[in-house]
Amino acid sequence: MEHIRTPKVENVRMIDRLTRRKSSVGTLYLSSTHTIFVENSEARKETWVLHSLIYNVERLPTNSSGSPLIIRCKNFHVYRLLIPQEKDCLDVLASLTRLSRPERYGELFCFSFNPNLDKELREKAWGFINLKAEFSRMGIPCNLWHVTAANHEYRLCDTYPSELFVPKSASPAVIVGSAKFRSRGRLPVLSYFHRDTSPNLFIASICRSSQPLTGFSARSSDDEQMLQAIMKSNPVSEFMYVVDTRPKLNAMANRAAGKGYENEDHYTNIKLQFIGIENIHVMRNSQQKLIDVGELAAPSMSDFLWGLENSGWLKHIKAVLDAGVFIAKAVAEDGVSVLVHCSDGWDRTAQACSVASVLLDPYYRTIKGLMVLIEKDWVSFGHKFSHRYAHLDGDPKEVSPVMDQFLECVWQLMQQFPCAFEFNERFLIQLHTHIYSCQNGNFIGNCQKERRDLRLQERTHSLWPHLWENRAEYTNPLYRTDHSQTQGVLKPLTTAYCFKFWKGMYGRAEKSVASHQSPADCLNAVREESQQLEEELSSHQEVPRETDAGQGIHMHA
Amino acid sequence: MEFAELIKTPRVDGVVLHRPFMPTVEGTLCLTGHHLILSSRQDNTEELWLLHANIDSIEKRFVGSLGTIIVKCKDLRVIQLDIPGMEECLNIASSIEALSTLDSVSLMYPFFYRPLFEVIEDGWQLFVPEEAFKDLESMTDEWRLSEVNKDFSVCPSYPSLLTVPKDIDDESLCKAASFRHGGRFPVLSYYHKKNGMVMMRAAQPLTGTNGRRCKEDEKLINATLCAGKRGYIIDTRTIAVAQQAKARGGGFEQEANYPQWRRIHKAIERSNVLQESLIKLVESCNDQSHSMDRWLSKLEASNWQSNVKEILTTACLAAQCIDREGASVLVHGTEGTDSTLQVTSLAQIILDPSCRTIRGFEALIEREWLQAGHPFQQRCAQSAYSNGKPRSEAPVFLLFLDCVWQILRQFPCSFQFNENFLIMLFEHTYASQFSTFLGNSVAERVKLLLSQKTVSLWSWVNRPQELERFLNPLYEPNNLVIWPSVAPQSLQLWEGVFLRWNRSTKCLDEAYQEMVHIIEYNKELQNKVNSLRRQLAQLETEDSPLQTP
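Line by line, the protein sequences are chains H and P. If you're matching positions, the first sequence starts at 1 in the UniProt record's numbering and goes up one per residue. If you're matching positions, the second sequence starts at 1 in the UniProt record's numbering and goes up one per residue.
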């Protein structure tokens, strides 16, 4: 509370940028976690802004009507306030600036967020997603892959999970040796195992790692054996792909720093493929330009399209999706295993592996499945959530919309395959908000070890069961488990014109641009009504009446 | 002229047809007076029947003696025919070229087409001005139906019956007509029942450089204003373009002469610019090799989306003046046959729920496009693949349909028809067995005796078995004014037309089917529950002894 200079300001005006008529006057309250605007109107409408979601606060010069303050949020909501007194405005600005930039983990919202769950329920909630169960769903362990204790207590790699799945044929010495030859010890391990149900019966896998420490000439026989072991775990295939998701030039430049990429002469039977996803700095700048486009006042069509092109954002989204398509095709159509890496193997690698998994496995297109995928490919494998999404006041160069891009790839796929996903756009947007919000412990910290040390499971709540309970809100009405789009591998087009501007995400600065009627909402309402009708019908049928006799009622799902 | 003279080789065997999303077919190619037919004579392969009128341009290529003709259609489809034999190929190509560019209207297919269905409801009788006027009469008595143009001499592009203010006599109308481009004096386009405001349309006034004025014209439009109220003149041209028009005898309403009117200039492009825009757009949509940067820059450079935005913005402005400001509106550009009609018809879709039904939309097209004298035949003579310099071709109506699609996308539950209906209309404006879009005005259609000799599109479309394809399952009648967003991010490329032949719509079609299924299942349940409820109620009344109060 020590950061709040003025807890309450009256006669504040909340401005709607497009239609001034929709502006409203009310009182602004500052709590330690939220800023709340309560309208003076009869309805006392409340707007809550979570401090950890605030991206920045900007004060414009005071004018005759007051001091304007713009609050921009990490989920692209923008609030425009007009505060009568300049002094109050300065106080609010100072308070929000401090409150939106916590310096220690202990200050984060998740440690004070209390949804009134008892201890037992909270612990149970943390068990909602179980990665061991997920690997066993894939059929792991099996005669080719098993779990290794090599990373017990994170002694091999402190940014990896403690449980790793590796080829059975890789000896402990090879595992340790391979880790030593990989940047930050992030050795090649299993990410996804594809049990094919088609007549081909491919058993190709997706593995992930960081870049090898090859420099200009170094090699490691352990690392070479590790890749050989991975390739051999797919008995039908004679080679494997190494997908380096970086542009080739960037990968080459890394050699000067003693890092780099696999030399095809040293590793037998690998095919190296560069994909060309740009680094986190390029992506950060690109998204900023895209946000600026969304914030343009009354842009012309040319301003908009030029801004969209100039941001490069859709080009980057296409690159990520192309990476996923390449991997999915190798695994499903050619039956070839793939090792994916970038530099550290926690950004582009996570994107490429998880997009490929969504394409390959219908399970990841369900509500629960997407949670599992995020937990596996992102949370457990050490995607640096707290750095990337600026949970704490830190190095701005570490911030980058890596996860935003993954969620957008899924959204772009939803546009091409409207029946293939159990969840709707709202679910993706909700996930996006929570990755930034710090309300739950799930995305706090930068790796499993850090989360364990913070004792997050004892001190915070898990997001997943909460989303699961509200899944009705996140359900796509067009999804049916027995629909052909729900089955098998998705093969999206990635021609430039297939990519769209994600208005639901980036168009949110404009309240008035909100979509007018949503077919999905209409359909959900219809389905809900159908359900009630079904219930009414069956209740009538329970009381048999003569008149019902001829009423052959057929229920279908 | 005999078609046979143009057909040098009426049939060729062993022709291979390639077309989007369908397996390659080998078969016999036949040319008739109006169709290009390819048939494999096998049961399971679809035949191709292509109207010559649908062919926009062709390209020939030879490898040895194997010729290839690339046929580019006005519906934007591109098909390829591999024809063995150079002579055959050349003959076929020159026949197609000749048959697809026939100048004489009376040689067009609608004059030869005999429907295989029984015409139950004659489309030619569906939307007569007298009927529309009856509706108007039920709401107001301020207007009358004038026969001043009954022989099309006052204004050749207007219909014979026109709705004008009651107090303006025919003599004044003639004077006003002489002051407006092409004789298109201000007439009623739309009456807003909610507040009695009106929308009129006209062509530009012929003020010229010396500021000519016409008392009758002033009186005519002032007659539509309520006492003490101001109206808006929406000129679809920029002020600069309107100024330039003066040098050619045209111009705009001077404030001094029209003190009760406020003039607003917008910037809707003229027809030749729109044609260029369409050609560029289709070219970039057809190049699948574009990088993201190149695609976005080509899309931007085509200006198509800008045109959509500008037209919609102007229509919203007109609707706003009427509904929000409570003011009457006069819309015109130069000729009053293109951008003017885009604006007046879209404004009605925004304001008037009945225009969002199938019948209402057909009536709107009849009123605001066909009878209002949009020169369909000139505008739709060629489409995006035409090689020649455009004469008067322009996708004016296609842009209107695109704008309707944008509103439909934003209000998916407010229209009785679906996207397929709009696409069907686009196809039939460019090539059709029906004659609805032949000719450039009512006068031309009357002269061609279309209603006696040919079949109206509406006679076919309105049959229940056809209509089914065009019904929007989500439709819930909505009596409100609908305000579309015109922000660039709310407007999308109309993929259903422009990417139609470039990417499969299987998954989108499946989604549509799923939607239909959900809604039909709901209706089925509702019927069952209702019938059960009725039976229950009946039983209850039978069970309980009659009680008289």
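Treat the hints with caution; some may be incorrect.
If the Cβ cut is set under 7 Å, some of the chain H residues that face chain P in the computed set are [to be verified]:
1) Lys-271
2) Phe-304
3) Leu-314
4) Met-505
With a Cα cut of at most 30 Å, we get these calculated DSSO-like pairs of lysine-lysine [said to hold, decoys possible]:
5) H:Lys-503 x P:Lys-280
6) P:Lys-60 x H:Lys-289
7) P:Lys-8 x P:Lys-506
8) H:Lys-500 x P:Lys-389
9) P:Lys-298 x H:Lys-315
Treat the hints as calculated values from the structure; they're not laboratory data. Using N, Cα and C, we set each Cβ at its ideal position, and we do this for glycine too.
Hints versus structure:
With 7 Å as the threshold, the beta carbon of Lys-271 (chain H) stays out of range of chain P, its nearest partner Cβ sitting at about 24 Å, so the hint is violated. Among the interface hints, the one on Phe-304 (chain H) holds; its C-beta lies about 3 Å from the nearest C-beta in chain P, closer than the 7 Å criterion. Hint on Leu-314 (chain H) holds. Least Cβ distance to chain P is approximately 5 Å, under the 7 Å limit. Using the Cβ-Cβ criterion of 7 Å, the hint placing Met-505 (chain H) at the interface with chain P is not satisfied: the shortest such distance is roughly 11 Å.
Straight-line distance between C-alpha atoms of Lys-503 (chain H) and Lys-280 (chain P) comes to about 26 Å, which keeps the hinted pair within the 30 Å bound. For the proposed pair Lys-60 (chain P) and Lys-289 (chain H), the alpha carbon gap of about 46 Å is over 30 Å, so the pair is violated. Annotation: proposed proximity of Lys-8 (chain P) to Lys-506 (chain P) is violated, straight-line Cα distance about 40 Å (limit 30 Å). At most 30 Å may separate the alpha-carbon atoms for a hinted pair to count; Lys-500 (chain H) and Lys-389 (chain P) exceed this at roughly 34 Å.
A hinted pair counts as satisfied when its Cα atoms are at most 30 Å apart, and Lys-298 (chain P) with Lys-315 (chain H) qualifies at roughly 15 Å.
Going down the numbered hints, you'll see the structure goes against 1, 4, 6, 7 and 8, while the others check out.
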